[in-house]
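Peer 1: Whenever a hint applies, use it, and build me the whole structure from the sequences.
Protein chains: 2
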Amino acid sequence: MASKPSIPKGTRDFSPAEVAKRNYIIQIIKTNFEKFGFQPIETPSFENSETLMGKYGEEGDRLIFKILNSGDYLAKANATHLEAKDSTKLTASISEKALRYDLTVPFARYVVQHQNEIEFPFKRYQVQPVWRADRPQKGRFREFFQCDADVVGSQSLWQEVELVQLYDSVFAALGLQGVTIKINNRKILSGIAEVIGASDKLIDFTVALDKLDKIGEDGVKKEMTEKGITADAISKVQPLFQFSGTFAEKIQQLSSLLADSAEGMKGVEELRFICDNVANLGLSAAILDLDVTLARGLNYYTGAIFEVAAPKTVAMGSIGGGGRYDDLTGIFGLKNMSGVGISFGLDRIYLVIEELSLFPQTVTATSAALFLNYGHKEALYAMQAIGKLRQAGIRVELYPDAAKLAKQFQHADKRGIPYAVLVGETEMEAGTYALKNLASGEQQNLSFDELLKVLQVK
Amino acid sequence: MASKPSIPKGTRDFSPAEVAKRNYIIQIIKTNFEKFGFQPIETPSFENSETLMGKYGEEGDRLIFKILNSGDYLAKANATHLEAKDSTKLTASISEKALRYDLTVPFARYVVQHQNEIEFPFKRYQVQPVWRADRPQKGRFREFFQCDADVVGSQSLWQEVELVQLYDSVFAALGLQGVTIKINNRKILSGIAEVIGASDKLIDFTVALDKLDKIGEDGVKKEMTEKGITADAISKVQPLFQFSGTFAEKIQQLSSLLADSAEGMKGVEELRFICDNVANLGLSAAILDLDVTLARGLNYYTGAIFEVAAPKTVAMGSIGGGGRYDDLTGIFGLKNMSGVGISFGLDRIYLVIEELSLFPQTVTATSAALFLNYGHKEALYAMQAIGKLRQAGIRVELYPDAAKLAKQFQHADKRGIPYAVLVGETEMEAGTYALKNLASGEQQNLSFDELLKVLQVK
Numbered sequence: 001m002a003s004k005p006s007i008p009k010g011t012r013d014f015s016p017a018e019v020a021k022r023n024y025i026i027q028i029i030k031t032n033f034e035k036f037g038f039q040p041i042e043t044p045s046f047e048n049s050e051t052l053m054g055k056y057g058e059e060g061d062r063l064i065f066k067i068l069n070s071g072d073y074l075a076k077a078n079a080t081h082l083e084a085k086d087s088t089k090l091t092a093s094i095s096e097k098a099l100r101y102d103l104t105v106p107f108a109r110y111v112v113q114h115q116n117e118i119e120f121p122f123k124r125y126q127v128q129p130v131w132r133a134d135r136p137q138k139g140r141f142r143e144f145f146q147c148d149a150d151v152v153g154s155q156s157l158w159q160e161v162e163l164v165q166l167y168d169s170v171f172a173a174l175g176l177q178g179v180t181i182k183i184n185n186r187k188i189l190s191g192i193a194e195v196i197g198a199s200d201k202l203i204d205f206t207v208a209l210d211k212l213d214k215i216g217e218d219g220v221k222k223e224m225t226e227k228g229i230t231a232d233a234i235s236k237v238q239p240l241f242q243f244s245g246t247f248a249e250k251i252q253q254l255s256s257l258l259a260d261s262a263e264g265m266k267g268v269e270e271l272r273f274i275c276d277n278v279a280n281l282g283l284s285a286a287i288l289d290l291d292v293t294l295a296r297g298l299n300y301y302t303g304a305i306f307e308v309a310a311p312k313t314v315a316m317g318s319i320g321g322g323g324r325y326d327d328l329t330g331i332f333g334l335k336n337m338s339g340v341g342i343s344f345g346l347d348r349i350y351l352v353i354e355e356l357s358l359f360p361q362t363v364t365a366t367s368a369a370l371f372l373n374y375g376h377k378e379a380l381y382a383m384q385a386i387g388k389l390r391q392a393g394i395r396v397e398l399y400p401d402a403a404k405l406a407k408q409f410q411h412a413d414k415r416g417i418p419y420a421v422l423v424g425e426t427e428m429e430a431g432t433y434a435l436k437n438l439a440s441g442e443q444q445n446l447s448f449d450e451l452l453k454v455l456q457v458k
Numbered sequence: 001m002a003s004k005p006s007i008p009k010g011t012r013d014f015s016p017a018e019v020a021k022r023n024y025i026i027q028i029i030k031t032n033f034e035k036f037g038f039q040p041i042e043t044p045s046f047e048n049s050e051t052l053m054g055k056y057g058e059e060g061d062r063l064i065f066k067i068l069n070s071g072d073y074l075a076k077a078n079a080t081h082l083e084a085k086d087s088t089k090l091t092a093s094i095s096e097k098a099l100r101y102d103l104t105v106p107f108a109r110y111v112v113q114h115q116n117e118i119e120f121p122f123k124r125y126q127v128q129p130v131w132r133a134d135r136p137q138k139g140r141f142r143e144f145f146q147c148d149a150d151v152v153g154s155q156s157l158w159q160e161v162e163l164v165q166l167y168d169s170v171f172a173a174l175g176l177q178g179v180t181i182k183i184n185n186r187k188i189l190s191g192i193a194e195v196i197g198a199s200d201k202l203i204d205f206t207v208a209l210d211k212l213d214k215i216g217e218d219g220v221k222k223e224m225t226e227k228g229i230t231a232d233a234i235s236k237v238q239p240l241f242q243f244s245g246t247f248a249e250k251i252q253q254l255s256s257l258l259a260d261s262a263e264g265m266k267g268v269e270e271l272r273f274i275c276d277n278v279a280n281l282g283l284s285a286a287i288l289d290l291d292v293t294l295a296r297g298l299n300y301y302t303g304a305i306f307e308v309a310a311p312k313t314v315a316m317g318s319i320g321g322g323g324r325y326d327d328l329t330g331i332f333g334l335k336n337m338s339g340v341g342i343s344f345g346l347d348r349i350y351l352v353i354e355e356l357s358l359f360p361q362t363v364t365a366t367s368a369a370l371f372l373n374y375g376h377k378e379a380l381y382a383m384q385a386i387g388k389l390r391q392a393g394i395r396v397e398l399y400p401d402a403a404k405l406a407k408q409f410q411h412a413d414k415r416g417i418p419y420a421v422l423v424g425e426t427e428m429e430a431g432t433y434a435l436k437n438l439a440s441g442e443q444q445n446l447s448f449d450e451l452l453k454v455l456q457v458k
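As they're listed, the protein sequences go chains A and B. Letter by letter, the first sequence follows residues 1 to 458 in our numbering. Letter by letter, the second sequence follows residues 1 to 458 in our numbering.
Honestly, I wouldn't trust all of these hints.
Any copy will do: because identical chains look the same in the list, a pair fits if it lies in one copy or spans two.
Unchecked claim - Here are the simulated DSS-like pairs of lysine-lysine, each with C-alpha atoms no more than 25 Å apart in a straight line:
(1) Lys250 with Lys182
(2) Lys407 with Lys335
(3) Lys89 with Lys76
(4) Lys414 with Lys335
Simulated from the structure, these hints should not be mistaken for lab results.
Peer 2: Right, here's the structure in full:
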């Protein structure tokens with residue numbers, strides 16, 4: 001191979017420092033998932049194509065990575081599609097497996113497949129990569145991790161309350177203050193659709209309303225009119241243009257607006273339950289805010305809808321989202337299983353934590369000390385100490401060759417190792433260790449116990 | 001979808017208990033990798049096909065999972081191969097990416113691609129899944145994790161010494177006593193080939209010799225003769241039929257046998273260095289044994305060869321392996337980079353630990369307590385305590401509905417949750433919590449601080 005090797009576009013290599021930082025975030029997410037009673041499962045990277053296809057819409061089907069059948073796949077290829085060179089239709093006969101596109105469909109499949117072993121309500125979390133043949137761009141990758149927590153088999157709104165707390169708990173542990181957890185409810189949106197008398201215009205409506213801050217009331221109304229929403233409808237939802245105040249006040253306004261919509265009022269009640277209880281219990285890092293323009297997952301969410309916005313000081317899209325879907329497992333034949341869940345956007349959270357310098361310095365720490373190599377006899381002496389230090393859980397290394405000392409020091413420096421331990425003949429005879437702080441240049445002669453003590457706190 | 005959903009053959013779903021047990025092993029492996037100075041990297045699940053193809057032999061090429069190009073892949077398909085229905089040849093024109101087959105080739109690619117950012121010697125570890133289109137059978141899967149630690153850019157034999165210690169350290173931490181780390185050296189095998197005067201017969205020779213315990217000296221000699229090894233050659237290696245004693249004694253015997261082979265004697269010296277230093281430093285859970293029949297990776301290993309056997313009480317194949325390859329990165333154009341590494345077989349180690357009942361009971365522990373739900377007011381009171389317990393790092397849950405108590409108790413029981421916390425009106429008024437031990441039936445009335453104390457030790 002002549003040219004320098006590369007990796008497929010949209011994929012990434014992670015260096016040791018990057019892995020350490022990613023794991024720092026993942027570990028905090030997992031620890032909090034478990035504190036809230038969620039249990040981990042893992043599903044295969046690829047599923048049978050029939051499990052995935054048709055679950056994400058036509059666009060989704062296109063973005064699913066298909067795995068070519070092994071062996072003589074053309075022998076079983078559909079002759080008609082092959083002749084017609086119809087790639088889309090041919091796929092089913094030469095590929096029967098595909099890489100998972102998200103963690104929700106595999107979870108639904110898991111629940112149905114293992115329904116007899118599962119005790120419901122089942123709170124599961126899953127942190128695994130997913131793959132999408134999307135056009136790569138800044139912050140969008142073809143392989144990325146999803147971090148999902150879902151409860152299936154419970155319609156209790158305490159789940160929504162706890163999911164808000166779970167978001168808060170993770171962001172607090174990350175030291176990330178000022179996150180906004182935006183909440184809405186599908187039933188509120190249905191109520192608004194009833195009021196404006198056009199459910200097919202709902203998205204146009206929310207998209208326009210979302211621009212209120214930017215283009216003002218007149219601008220929004222103009223856009224709504226252009227989209228075919230009647231003046232009468234717009235006047236009916238006039239309160240939404242002055243929609244403000246506390247969460248409780250907003251609920252009050254919605255309650256008047258949607259008074260005639262049974263569905264809408266049900267949404268108001270649900271929001272009130274969540275809001276009241278979250279307020280009673282308190283949040284420590286995040287703010288819960290009602291956002292009626294929030295319409296993500298409109299096709300599948302049936303109750304609460306969540307979206308998390310990074311602190312305003314950071315220019316970043318949403319760093320999490322989720323909601324309730326009353327029929328999570330119906331696609332696989334198990335009816336009446338309500339699910340509610342949230343997801344953390346690892347890549348974006350990483351960028352936010354990086355931008356705000358919130359990664360603890362210790363996260364990327366490598367070994368605590370490098371033992372310099374003065375030759376075989378000294379190295380053996382060093383290795384005895386190294387063995388005992390490692391048994392005490394301390395990360396230490398021996399420079400593998402008796403190279404020039406300058407080279408060995410340079411290695412410690414480039415690796416970011418804070419200490420060098422020098423053990424030459426003098427130290428061996430005295431049974432000591434010369435510990436050199438590579439930042440200050442300070443050097444101390446220590447007994448093994450003293451050495452252990454210094455390195456233990458690193 | 002009418003039928004119950006399933007997953008592709010050779011793949012697995014992992015339940016919460018299985019994930020917990022796998023993570024227990026993985027965490028011990030990672031912790032020890034880091035204690036020995038290895039740093040984590042991660043590479044993409046799929047690589048460009050040209051990175052992988054041709055690196056694992058013809059059989060390997062066949063077992064690599066190929067990813068179908070997205071979009072209208074037939075438009076760019078090679079017309080000749082398509083017409084001829086030649087699946088093997090067509091693949092290159094309709095698939096340009098493939099799932100990684102192991103972690104070694106991606107690591108070599110990583111080293112070459114990032115050579116200017118890497119400080120050598122580079123000690124990296126990688127714990128990620130790999131995929132092989134092998135015929136699935138007991139203990140062999142199409143998706144499985146590899147746990148690899150490799151050093152690149154150092155020819156020092158201290159690396160081999162440390163890798164033996166690393167194996168020992170991991171097995172000691174797992175409580176797995178009696179593991180045998182078998183070691184051999186490619187140069188010893190070359191020496192033997194010289195002595196028998198037929199390097200093409202080397203594998204036949206080692207395979208036959210490996211049966212010494214089972215079929216006896218006569219049986220082995222018979223098999224060797226059948227394979228075309230001359231009587232003269234067999235008589236020259238006669239000492240190998242009485243090959244026994246301590247490691248040092250075995251080395252002595254090899255030293256006489258291979259006295260005329262410069263290559264063989266180099267192997268003897270390398271083995272001696274490793275053996276002497278490992279013996280000086282000591283092992284705590286494993287035994288290091290010289291096994292001249294060990295010939296794994298004969299095509300690429302150039303120095304030490306490792307294979308780890310489970311304790312004799314467990315019927316299990318090798319649970320780890322590795323070796324040194326003098327030209328790790330040459331396939332990608334970076335010459336003279338010696339690499340040495342070892343791998344842990346996660347699935348088999350799992351089975352061994354399970355069979356010997358070495359998983360700590362706490363590994364699969366779920367929440368410490370389930371708070372029963374007596375209705376909204378009581379649930380809110382419970383949630384206040386739950387929030388504080390979670391802040392203290394304790395895993396607790398609220399039963400989401402005010403269901404019949406029998407049902408709630410049953411849920412705790414089925415989930416293996418050891419305690420239920422009962423908070424009805426009485427407790428609310430008194431500001432206490434009734435903690436019920438579900439195994440003994442014992443119930444105590446506790447203040448919050450007392451509750452925290454009891455649950456903290458779980």
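Peer 1: Treating 25 Å as the Cα threshold, decide for Lys250 and Lys182: within, between, both or neither.
Peer 2: So Lys250 and Lys182 pass the 25 Å test inside one copy only (13 Å; across, 71 Å).
Peer 1: Indicate which option fits the pair Lys414, Lys335 if close means a Cα-Cα distance not exceeding 25 Å: within, between, both or neither.
Peer 2: between (58 Å within a copy, 23 Å between copies)
Peer 1: Regarding Lys407 and Lys335, is the shortest C-alpha distance of 25 Å or less found within a copy, between copies, in both, or in neither?
Peer 2: between (67 Å within a copy, 21 Å between copies)
Peer 1: Within a copy, between copies, both or neither: which one fits Lys89 and Lys76 at a CA-CA cutoff of 25 Å?
Peer 2: both (14 Å within a copy, 16 Å between copies)
The structure shown violates none of the earlier numbered hints.
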